[in-house]
Amino acid sequence: MSRRTRAAIAAACAAALAAVSLPSHAAAASKPTITASGSTSVAPLAFQLARGYLRQHPGRVKFKIAQGGSDVGVADVGAGRVSIGMSSRDPKPSDPSGLVFNKIARDAVCVITNPANPIANLSTAQIQAIFSGSVRDWSQVPGAGVAGTINIITRTPASGTQDAFQKIFMGTKTVGSTASAKASNGLVQQAVKDDRNAVGYVSLDFVSGTHAAAFNGVACDLRNAKSGAYGGVRNFWMVTRGPATGPVRTFINWIQNSSRAQSIVGTHWVPLK
Amino acid sequence: MLARLRQPWSDQRAERTLGALAVVVLLTIALMLTFVAIRAWPAFQHNGLHWFGAQGDVDQQISAMVNTGANPSPEDYQFGAWPLIWATILTTGIAVVVGLGFALLSAIFIVEFSPLALRRLLVTVVRLLAAVPSVVYGLVGILVLAPFIGDHLISAERRKSVEFVIQLSGPGLLVSVVVLTVMITPIMIAIIVEALHAVPRSWREGAVALGVNRWRAMWTVSVRVARPAILAGAVLACARALGEAIMLSMASGGKGFAPNPADGLTFAFEPLRPLAATIVENVESLNAPAIRANVYAMSLVLLVSTFTLSLGAWMAKRSMRRYGVAG
Amino acid sequence: MATLGLRAPRRSRHESLSSWRIRDRIGLALCWLAGLTLCAVAGAIVLYMAVRGVQFLRPELLFTAPQATLDQSKSGGFLDPIIGTLLLTVIGIAIATPLGVCTAVWMVEYGRPRWLARMVETGIEVVAGTPDIVIAIFGLALFQQGIFSWLSFTSADGAVFGRSFLTAGAAMSLIALPMVFGATREALEAMPRQLREASYALGKTQAATIRSVLVPAARPSISTGAVLGMGRIVGDTAVVVVLLGASLRVDPTGAIPGVDVLRGTGGTLTSYVYNNSPAGEGGAPEKAYAAAFVLLLIVLALNASVELISRRAGGGVLGLGRS
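As they're listed, the protein sequences go chains A, B and C. So for the first sequence, the numbering used here puts the first residue at 1; every next one is plus one. So for the second sequence, the numbering used here puts the first residue at 1001; every next one is plus one. So for the third sequence, the numbering used here puts the first residue at 2001; every next one is plus one.
It is possible that part of the hints are untrue.
[Claimed, not checked] When the alpha-carbon atoms are kept at most 25 angstroms apart in a straight line, the in silico DSS-like pairs for lysine-lysine are as follows: (1) B:1317 x A:193; (2) A:103 x A:92; (3) A:167 x A:92; (4) A:167 x A:103; (5) A:173 x B:1317.
[As the list claims (entries may be wrong)] Computed, partial: chain C to chain A, Cβ under 7 angstroms: (6) 2029; (7) 2032; (8) 2109; (9) 2279.
[To be verified] Footprint (simulated), chain B over chain C, 3 or more residues, beta carbon under 8 angstroms: (10) 2187-2198; (11) 2264-2275.
Since the hints were made in silico from the structure, they are not lab data. All of these numbers come straight from a predicted model, not from anything done at the bench. Just so it is clear, CB atoms sit at the ideal spot from N, CA and C, and this is done for glycine as well.
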């Protein structure tokens, strides 16, 4: 390769890199950056909130939002790697000390079954019996549309949704050992869609293609969750190391108080007010 | 300085620089091994050799470790990885054995018996399949194959028979093995086809001249000569199968269960979760020391297995070197 | 056994099967069965992905950046994942190729002391067999140490994020290294000794021989190895998911244009497919199929270039990382 060709290729690479980075760099300069990492359930909401915040207060801060799971977010903010950790599970005693959990929204968790099995209603006792394995056959559940073994779908231990389900629905009982653990809401949704005998739990956004059973007589939808009638609601947190300061505090205050933020939250999640 | 670099280098300097780079590569690899071993040590320290055995429900142990958080006590490290190890042995073993047989026959077909027009097409397609990313296989496995098996091959009576222990749904041993076999076979086919092509024509023609028919000539001469390459291909495929994490975490059962061959046909549908898939699923919780030690211990087991495999293959190849042609 | 009689032993294509033993006939039947099954399975996979891809791929998906809305099936495209894939591949192969070539040259041409050469060879075999998830978690732990803070975003407290294009690229180079190393080594070993001896006879030193004779002659093989390594990088998901931060868009860090993209996070096509499949939270299998189709096209292009390079070099295609 001649020297000129080599120089041309190097120039092209530099131009390409510049083209990719300049549009974002042009506005970046020396703005404070708010970094966040954590729960994949909270991340879509965080993206929307960041966009809304930038629209209302343009040019104030820059956002960097990564994902990795609630535990990763809590650990990252505990070690100081990011300024906000996103968590979809409540604080655990094993979390690093000195963390402050700021609640930003709430999210409904629905118990879902296959569309061939449209159970109208499940009470707390029924859910506990089914998921703990004391009831093993659909014929023992009134209102079931199928017969046969119940296939329980749960989440892996690190999941915030699993933590919420355990606290809100199961109480002191534990999910039975025969349960199949899936790593994401989407996998649970897919498993329940594909299996007539399956039952599982997902966040409200993932019920399409399945049937969401009412919980203690209240249907699982956004309206009931917002009104407070639906009981299976869990918290979304933004975790900071110590009380939030500076641009992070302004951002979190904006989320918790401004009507604009609350309306963004209200599109798919339950606002605090 | 650039002018000095462009002057011809002395042999000594060139050797030293290149050697230094090679040593840098070696040091990085050694760093990785040491790192994994050090981080894996607490798991073996608290469990001893029982780490390789079965100490109860693997999933419960993992969730206990995740919940313990930052300051685990020695009991919290308890872990018996046998169900995961057995799942890895099953999936990898069955996939490689079935894949190897199929690859050998297909390679013979491609080289010897296929119509000429089909040959170029097949080789191209096989190369393409060997390069398809595993996430695509996982996508197809979970969206197409698992529902099909769950709906059509698993009956309600079968589910009832095991309902007190596990659940039977689509994802399980059969889906994992089928997709894994489809994933690793193209690699083996490509390697074996090249090795068969590399056999000197005169050797086969000699056999045919003696009156041996085409199949026998192929089998007794070419395949035998290509044995080192076949072995190399099998080892490569085995290493890929052992390390396959993403696809298996999507398409296997999601339960750390050790499938039991004594269960008869149900054995094929039982859920399982090999070592690499378990590592991927627990990457999130790596900050809790208990689970970190055990995840690194699993990584160490995988590293040692692949290393032992290549070592075994190297020793076997040495004994085959008398008639070897390729590899 | 077939009788030869007085005819010349011509191996005709229509040799009579009746002269074969049962065992051989069964073998032949199995071969045909295997071959036809291969055609069927390969055809099914290729057709399925093509149909799904064409069904869901719209041209604007290739040029629109992903939107962070909840309903992924209606919004945005995957321009940033495509850029991420290309960027990561370039970084990975840019690190792997010089290292691989130099190591292979050292091993073939010098290789002293012998124990060191054997250890290097073993080391590269170990890396070739390492699962990519193990390389990923090692990379994450390594690049979160303080000395590597320049590679990724560092917070005000000095804690290193550890996830960026540079760190993922470094891990990817480890994955592609065995391919480049193997291809270069095979090419150098296959070169006749007369080539080197002729160069020495003309008065060139060993170093100059390597630089001006051997390496240029090995260039087709090096390119093949590099392209094979690129194929492996393009298809890898585990390293991307762990080491690239999984942000939807390319997210630069810092103030220097160009370098800030490298230090920033992003996504690639593989992590995009993973996130939009049921395994992730995107919930848009249509986008996953479309992105998977684009990924397959890239892989196909890489494969075609391997064949082109080797054909131009005059046959002798090197294997898929045979050690």
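Okay, the hints, checked on the actual structure:
Only pairs whose Cα atoms come within 25 angstroms are accepted, and residue 1317 of chain B paired with residue 193 of chain A is rejected, the gap being roughly 49 angstroms. At roughly 15 angstroms between alpha-carbon atoms, residue 103 of chain A and residue 92 of chain A fall within 25 angstroms of each other, so this suggested pair holds. With a C-alpha separation of about 12 angstroms, the suggested pair residue 167 of chain A and residue 92 of chain A falls inside the 25 angstroms cut-off, and the hint holds. Distance check on the hinted pair: residue 167 of chain A and residue 103 of chain A sit about 17 angstroms apart at the alpha-carbon level, within 25 angstroms; holds.
Taken as a hint, the residue 173 of chain A and residue 1317 of chain B pair is broken in the structure, with Cα atoms around 57 angstroms apart against an allowance of 25 angstroms. The interface hint given for residue 2029 of chain C is broken, as the beta carbon of that residue sits about 37 angstroms from the closest beta carbon of chain A, more than 7 angstroms. The interface hint given for residue 2032 of chain C is broken, as the beta carbon of that residue sits about 35 angstroms from the closest beta carbon of chain A, more than 7 angstroms. At about 23 angstroms, the closest approach between the beta carbon of residue 2109 of chain C and any beta carbon in chain A exceeds 7 angstroms, and the interface hint on this residue is violated.
Hint status for residue 2279 of chain C: holds, given a least beta-carbon distance of 6 angstroms to chain A, under 7 angstroms. As drawn, the segment 2187-2198 of chain C meets chain B at 0 residues by the rule of a beta-carbon pair under 8 angstroms; below three, the given contact is violated. Counting residues of the segment 2264-2275 of chain C whose beta-carbon sits less than 8 angstroms from any beta-carbon of chain B gives 3, enough to reach three: the coverage restraint holds.
Going through the hint list in order, the structure does not satisfy hints 1, 5, 6, 7, 8, 10.
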